[in-house]
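With chain A held as given, fit chain B onto it using these hints.
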Amino acid sequence: MEDCLAKKMEITVSEAEKRTGRNAMNMQETYTAYLIETRAVESQNEGQCSPVDSLWRRYSEFELLRNYLLVTYPHIVVPPLPEKRADFVWHKLSADNMDPDFVERRRIGLENFLLRVASHPVLCQDKIFYSFLTQEGGWKEMVNETGFQLKADSRLKALNATFRVKNPDKRFTELKHYSDELQSVISHLLRVRARVADRLYGVYKVHGNYGRVFSEWSAIEKEMGDGLQSAGHHMDVYAASIDDILEEEEHYADQLKEYLFYAEALRAVCRKHELMQYDLEMAAQDLTSKKQQCEELATGTMRTFSLKGMTSKLFGQETPEQREAKIKILEEQIQEGEEQLKSKNLEGRDFVKSAWADIERFKEQKNHDLKEALISYAVMQISMCKKGIQVWTNAKECFSKM
Amino acid sequence: DTSLAEANSFSPSMPISPSSMINQYKFEDEPELKDLFITVDDPESHITAIETFITYRVVTKTSRGEFDSCEYEVRRRYQDFLWLKSKLEEAHPTLIIPPLPEKFIMKGMVERFSDEFIETRRKALHKFLNRIADHPTLTFNEDFKVFLTAQAWELSSHKKQGPGFLSRMGQTVRAVASSVRGGVKNRPEMFTEMNDYMETFSHKINVLDKIAHRIYKEEREYLNEMKEYGPIHTLWSASEEDIADSLKGVASCIDKCCKATEKRMAGLSENLLPIIHEYVLYSEILMSVLKRRDQIQSELDSKVDALANKKADKDLFSDGIGKLEDKVECANNALKADWDRWKKNMQYDMRSAFTHVADNNLHYYEECLATWESFLASQRVEHHGEEDSEDRP
Chain A
-2 MEDCLAKKME
8 ITVSEAEKRT
18 GRNAMNMQET
28 YTAYLIETRA
38 VESQNEGQCS
48 PVDSLWRRYS
58 EFELLRNYLL
68 VTYPHIVVPP
78 LPEKRADFVW
88 HKLSADNMDP
98 DFVERRRIGL
108 ENFLLRVASH
118 PVLCQDKIFY
128 SFLTQEGGWK
138 EMVNETGFQL
148 KADSRLKALN
158 ATFRVKNPDK
168 RFTELKHYSD
178 ELQSVISHLL
188 RVRARVADRL
198 YGVYKVHGNY
208 GRVFSEWSAI
218 EKEMGDGLQS
228 AGHHMDVYAA
238 SIDDILEEEE
248 HYADQLKEYL
258 FYAEALRAVC
268 RKHELMQYDL
278 EMAAQDLTSK
288 KQQCEELATG
298 TMRTFSLKGM
308 TSKLFGQETP
318 EQREAKIKIL
328 EEQIQEGEEQ
338 LKSKNLEGRD
348 FVKSAWADIE
358 RFKEQKNHDL
368 KEALISYAVM
378 QISMCKKGIQ
388 VWTNAKECFS
398 KM
Chain B
15 DTSLAEANSF
25 SPSMPISPSS
35 MINQYKFEDE
45 PELKDLFITV
55 DDPESHITAI
65 ETFITYRVVT
75 KTSRGEFDSC
85 EYEVRRRYQD
95 FLWLKSKLEE
105 AHPTLIIPPL
115 PEKFIMKGMV
125 ERFSDEFIET
135 RRKALHKFLN
145 RIADHPTLTF
155 NEDFKVFLTA
165 QAWELSSHKK
175 QGPGFLSRMG
185 QTVRAVASSV
195 RGGVKNRPEM
205 FTEMNDYMET
215 FSHKINVLDK
225 IAHRIYKEER
235 EYLNEMKEYG
245 PIHTLWSASE
255 EDIADSLKGV
265 ASCIDKCCKA
275 TEKRMAGLSE
285 NLLPIIHEYV
295 LYSEILMSVL
305 KRRDQIQSEL
315 DSKVDALANK
325 KADKDLFSDG
335 IGKLEDKVEC
345 ANNALKADWD
355 RWKKNMQYDM
365 RSAFTHVADN
375 NLHYYEECLA
385 TWESFLASQR
395 VEHHGEEDSE
405 DRP
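Going down the list, the sequences are from chains A and B. In terms of the working numbering, the first sequence has 240 at position 243, counting the first letter as 1, and numbering is strictly consecutive. If you want the working numbering, it's the 1-based position in the second sequence plus 14.
Careful: at least some of the hints might be erroneous.
Derived SDA-like pairs: lysine to any residue, alpha-carbon spacing no greater than 25 angstroms straight-line [what the hints assert, rightly or not]:
| id | chain 1 | residue 1 | chain 2 | residue 2 |
| --- | --- | --- | --- | --- |
| 1 | A | K202 | B | Y230 |
| 2 | A | K398 | B | H370 |
| 3 | A | K368 | B | E387 |
| 4 | A | K368 | B | S392 |
| 5 | B | K262 | A | F359 |
| 6 | A | K81 | A | P97 |
| 7 | B | K357 | B | F154 |
| 8 | A | K219 | B | T206 |
In short, the hints are calculated from the structure, not lab data. All of these numbers come straight from a predicted model, not from anything done at the bench.
In isolation and in its complexed conformation, chain B is listed as follows:
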């Protein structure tokens, strides 16, 4: 099953090169051939008279024939990723284009260029490119190839070609207009179901996002209090003799539990939070994909209506309608296939993310358990020691 393998085969958290990705891939069981490996790393700050921005290094290793070389290294900034995404949306209006990290993060106190922000963005950009690479259709997109291989000036000149800003605006306006009209008359049942599903999914994933953030916040507050709690026992032990060791033991246990809590929090922020966030973005993407499909359909519908009213120029029209009918059928099929693929990936991602959360919590409790059990054992040994000495003559 290709889709499951794809989701599995890259991890943006580890700063590994495409070569080691290839090596890692070789050890996996899936027999599918992956011939495009991409990493995003090495953020660098650029300061010009007008602005400051970050570029990321994008390294590509490939064995595909259509690539002139087998290795490429380019620098890209966030704007370039935005450009790529819009080109892909333009070329494939009813395919599910992976989400890009947002321009700014509203919640939290993350500064625009803080290390944390840059690292989170880098990981998301890495995932973005790899998801495209794993997509059966998008991976062969020409703009994608240019993005991966062109030097800075080549990319600039390539960007200037093709339909400009206004035509993209036009498409957006039409899409919005068609949604304002309140959906489409002849929408196939399947897409209505998809729409209903996405509305509920979107709501639930947003609630999950809030819950996950709330849990992280509560854990952090708990950690802060625990950090103060442990040392009090050490302070106390300074005025005691007999129970000083026990007190110090408790302090040490609490300290170890603090470290375990930090690990648990890291697990959340590195795994669950980003994935849920991606699917929040995905739910928006999917809603707009469905709208675009509706819009393509309504183009056809309005032409069919026009034909029914205007009896003249039937031949011209029917030819045009035939093309539109093809267009609609293509769009529907593409979306259907991509939808199935997306659902499978979503299922995999959610299962893996939540299993990871469970593992995280298990490790946390197991570590804490071991700490307290070892403390308890040490206390009981002392106890027995005292009892033995009483028995001795």
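Next comes chain A alone, as it looks inside the complex:
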């Protein structure tokens, strides 16, 4: 990790700003721009503060960067972007993209994305990524010039491969299965968590109604008045406390969401493997059939049915010269094919090796992060309980004075 960019450079997404502009169809649009600030980390001179460079990027540019990374490094589990639209919201949160809370959480998510890429041993060395952080103008053109869009595998081809591949690496099959399960269980969890948050909000807020009634009631009581009034105040405090609690929980939800989206990145690597394997199998199949054809022509026997064989039988066999020519062409093709197969095999093996190395790295990161997230969830629950104990202790004291 010594060459890792994150160690050499401080990266933050420090601000978000609403902008208006014209889109590709010359229609006015509103979007949010994010300020990326970078600063070289001077480990030796602690007193010195190196200058901060900054530039603005919008979400679509982050998407472009990620798509480039996905195509260019298909064997890497590429970190995901925060969600484009607010999902798994409970009623109090707005599903509006322009909502300041959503924008804020997205800002944090984008920063997290950049830090993930910057601390990845392979991705951090990418020039396009570096330019994304440092070069304001002409970055889009630079990315497009790499021609990465052409290298992208078509989805149809990938889908085809999924169903037709005969001998995928078992580990990748298991990994795909795992990523499906991970995606399914985290979405379920997030959905129920949102409902739990909704209900918890309801419980706390209804207690707020006590405040007003107690206050009005205390007006007609002599001895009970003070106790009622002050208890009512604590009920108001209790009701208000849920807002901060649930806001903190949103950050926990965001941590889970990241791994929900990581599941998709895992699947992308598996798909790439399937595609390569399918390509390999097709090439091997093609080679075998060509070899067979060659053999048939050379020995004059027809082991397998072929249209050519039938037509030549019907319309007369070809001349020896024609046959020789065909054999020569096939032999050339076979040689080409064998070389291609060799290199495809090598490619495939390299892919599996490097992909699996990144997957192991990813697994460790995932286990560490999710464990930390669960711990932070426990810490949040503990804090909520402590606040509850404090409020109800105070309320109890007031009630006892009634």
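Frame of chain A, contents of chain B only:
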């Protein structure tokens, strides 16, 4: 202070016999002598050709001389309680007769004869009789004694005596009529204050009733979601290795918190909700007591007016007026004393009910806190374990 001790000395939630009530009472500090212990329990269904109804067992233990025996066991149905209440109202129009549970429960989906409904009613009936027993005047009422001691057929024949349905109707009609007339001219300041107080109190207690029910409902919905939330973590742990234990730990914590929530809800439904409901009923009772007092007063007032107009038969009238004046004075004093007593009891009941709510919530949060802290400790131990193994050569 008698009134505080009375409110304290019985708990209808525990199915205890009068004997154990006596024992329990002996351990309390109050030196006041309680000589009448009543329990209401053992609901039984009776099916006849015409109707189905429930009877409750009423057991009385007493050391009072006016009772022939020291222990009685009778069966009473809701109708009998209604009869007792109306007799007490008749005999003591300006005393505060404790509330009876309602005939039907409109809100909620409680069936007429569901176990929950019967149990709630039983507890309320138990409280009703004990409140009467603790009342300095009502406890010596003859109908009350008959209610506690008479066998079924004796009670039936006793019920048939005395002023009938029509006379009771008459009283109600008069009371309504006098209230329609818009209050009473010479109402003492004190009772106007009581009226104003009761109007506000009645409004507030009804709002409190709604709030308490709403809180219960929200807690139940929260519990339902939490019950689904925990198991998802267990499901997830099945596809994980390293973090499986942490996930299972979280699932277990959520499960424990669910149980704590159930306890919290039970506390509400067993304590706060019934008490607030009783005071909703009490506010209606008090309003009618005030009306009845006004009505007694207006009887006097109208006679005084009649006297002022009709100069004849002065002596006859003044004698009648004297009786009425006594009647009014008695009624006012009785009400005043009972009002003070009621207020003290209300204060005690409210303080105890809300303190109980606070305790409930404290237990809930303390339990949840312990659960999560122990989970956290287990996670951190693992962490340290991993760190140590890295340091080892």
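Ascending list of hint numbers which this structure does not respect: none
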